[in-house]
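Can you build the whole structure from these sequences, using the hints too?
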Amino acid sequence: MSFGGRVSVLVALFIVAVGFVLWGVFGFLLAGSVPTVDFTSAQPAGAPVDLTVQTVGAIGNGFGDHPTWVSYLVKDPQGQWIHSTIWKVPAHTRINLTVEQYDSGSPLRNQQWGLVQGTIGGVATYNGKVFRAYNSNTGNGVGHTFAIPTLGINIPLIGVSPNATNVCGQAPCSAPSSAQNIIKASFVTPGPGEYPWQCFVPCGLGFLFGNGGPMSTVGYMGGFLDVVS
Amino acid sequence: MTDVADVATGQSGTAADPPGAEPGHREPRHILRMVIIWAILAAVLDPLFYFLVGPHVPPGTMTSAAVDNQFDFNILFLVALPVLLAVWVYLAYSVIMWRATRKGVPEPVGGPQATTHLGVQIGWILTSTVIVLGLFVFGTVELITNDGSGGGQGPNPIWTPTSASILPVQVIAQQWKFTYRYPTFGGFESQQLVLPNDTTIAFHVTSLDVIHDFWAYQLSIKADANPQLDNVAYATTRETGSVTVRCDELCGLWHGAMYNYGRVVSKSAFFAWAKATQLATAANTKNLPAFAWTYVPDANGADGGYYPDNVDPYSNAEVYGAVPVKPTSSG
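Line order of the protein sequences matches chains A and B. The opening position of the first sequence corresponds to residue 1 in our numbering, with each subsequent residue numbered one higher. The opening position of the second sequence corresponds to residue 1 in our numbering, with each subsequent residue numbered one higher.
Calculated from the structure, these hints are not laboratory results. One or more hints might be untrue.
Claimed, not checked - Derived pair list, reagent style DSS-like, types lysine-lysine, alpha-carbon separation capped at 27 Å: (1) K275(B) <-> K286(B); (2) K184(A) <-> K75(A); (3) K184(A) <-> K267(B); (4) K184(A) <-> K129(A); (5) K75(A) <-> K88(A); (6) K129(A) <-> K286(B).
Said to hold, decoys possible - So these bits of chain A aren't anywhere near chain B, every CB distance computed over 12 Å: (7) R6; (8) V9; (9) G24; (10) V74; (11) A91; (12) Y126; (13) K129.
Don't be surprised by glycine CBs; every beta carbon is placed ideally from N, CA and C.
Below, the structure is given as structure tokens:
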């Protein structure tokens, strides 16, 4: 092959390689990007933020590529259920969290996560009843937790009865057509920053130790509390 | 003459002037010059480093292990610095003395003039051997005499502290958080790591899922957290202050967020905290499994499906947290 031919082949291969790299990078960055739900302007400055989320055993067909995955959803300030786990909230503000729990439960891998921690008063309410700790070895067990590890916050989300005939199978769920538990707690946001939150129940069915799949994908069982000033 | 042999020995004068050199030119004693420069630099910089920088070298002085490791790092640097200086001095000297633009610089040599020099070779090998073996012996002695220097020694530590009173603290790693269990205070579990000052601590590091690594930087403790393994590391606290704990084994999505801050406090403050936490968490502590040095993670949470076939995830002996269990091993 002539010198010019070899140079042409080299340039062509280089362009192809660069193209693959760009395709991979942009594909990674753009695919499955999770929207941020903004709660900073939904109420007057300094007023508590009402944050309502739900947990469902299977997200269903209306929310992306993994209909069988367990997931959180969040209700945006306009009242729409959004498949997002990145929530922007104001700093140094009381957050009134309401979790609509539609998934069943089981014993925790580490019962430490049955202890309510980091909330105002160190308590939460379960269908209106105040509790500080929930024994996941009893009753319906714990379906998920809402935890912000770097802030020491943990709230166990008690599961619905596995014997219920109306366990929700596809998000968004609602009561009374679906069995539901309501868990409420309040906490105060710290200074500005991005605080990862996660579920401590290894609920990634079918993945190693239950912590793959939805447990390892932002947008399902973990995300960020984006605290801004 | 500027052949390798003569440069190495520092001898000057030749029977035949090298190509490019002026007739009758006599080379200075290069090696002697370089050795003198090197010796002066090393004699000045080594003490400067030891006394000015040494006390600030990580991981600090918060624990006995940290002090020992700081000393080890300083010794390693004191040994390495002269070697580094030797290389730099030789390079700098060569660049200055034998640069092509310098008047009278000889041509690069080859052939018979570039023969090896036995003395240089023996000296080089001997020096390298002494340094490497010396550091090997030094490192081994430091591991033995310093109770493992803060490293995880597995479930049956070889080098144990002689302290009459050792506080055990169990470090439980899980995706993605460390929690701490205090068996001598009723076995309560906490998200906080609080330690008493002037106390020998035995860290029992284990995991409930994948492999993590407990790295308490200021304590100079670093031990892998393996499921079903009790990895023990020792340190004796010497100062109060804040401790940064990080997971140092890539463990999944939130590995980067798997950190927390601990505290070394006075003994009285520690006992006050431990008693208060024991009381505050009593309602949950009774739900924890009986204290054990290791736990077999169960498949609960997603009702199984990701466990080896030969493990019964609902067996009493297999579950951490589901039902009270007997210790699966002792350490």
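Evaluation of the provided hints:
A distance of roughly 16 Å separates the Cα atoms of K275(B) and K286(B); the hinted pair therefore holds under the 27 Å criterion. A hinted pair counts as satisfied when its Cα atoms are at most 27 Å apart, and K184(A) with K75(A) qualifies at roughly 15 Å. At roughly 38 Å between alpha-carbon atoms, K184(A) and K267(B) are farther apart than 27 Å, so this suggested pair is violated. Simply put, K184(A) and K129(A) have alpha-carbon atoms about 10 Å apart, close enough for the 27 Å limit, and the pair holds.
A hinted pair counts as satisfied when its Cα atoms are at most 27 Å apart, and K75(A) with K88(A) qualifies at roughly 13 Å. Distance hint between K129(A) and K286(B) is fulfilled; the C-alpha atoms sit about 21 Å from each other, no more than 27 Å. The Cβ of R6(A) sits about 35 Å from the closest Cβ of chain B, beyond the 12 Å cut-off, so the non-interface label holds. Taking the minimum C-beta to C-beta distance to chain B, about 39 Å, the non-interface status of V9(A) holds against the 12 Å cut.
For G24(A), the shortest C-beta to C-beta distance to chain B comes to about 19 Å, beyond the 12 Å cut-off, and the non-interface label holds. Separation of V74(A) from chain B is adequate, the least Cβ-Cβ distance of about 19 Å exceeding the 12 Å criterion. The Cβ of A91(A) lies farther than 12 Å from every Cβ of chain B, with a closest approach of about 19 Å, so its non-interface assignment holds. For Y126(A), the non-interface assignment is confirmed: its Cβ lies about 14 Å from the closest Cβ of chain B, beyond the 12 Å cut-off.
Against the 12 Å criterion, K129(A) stays outside the reach of chain B, whose nearest CB is about 14 Å from its own CB.
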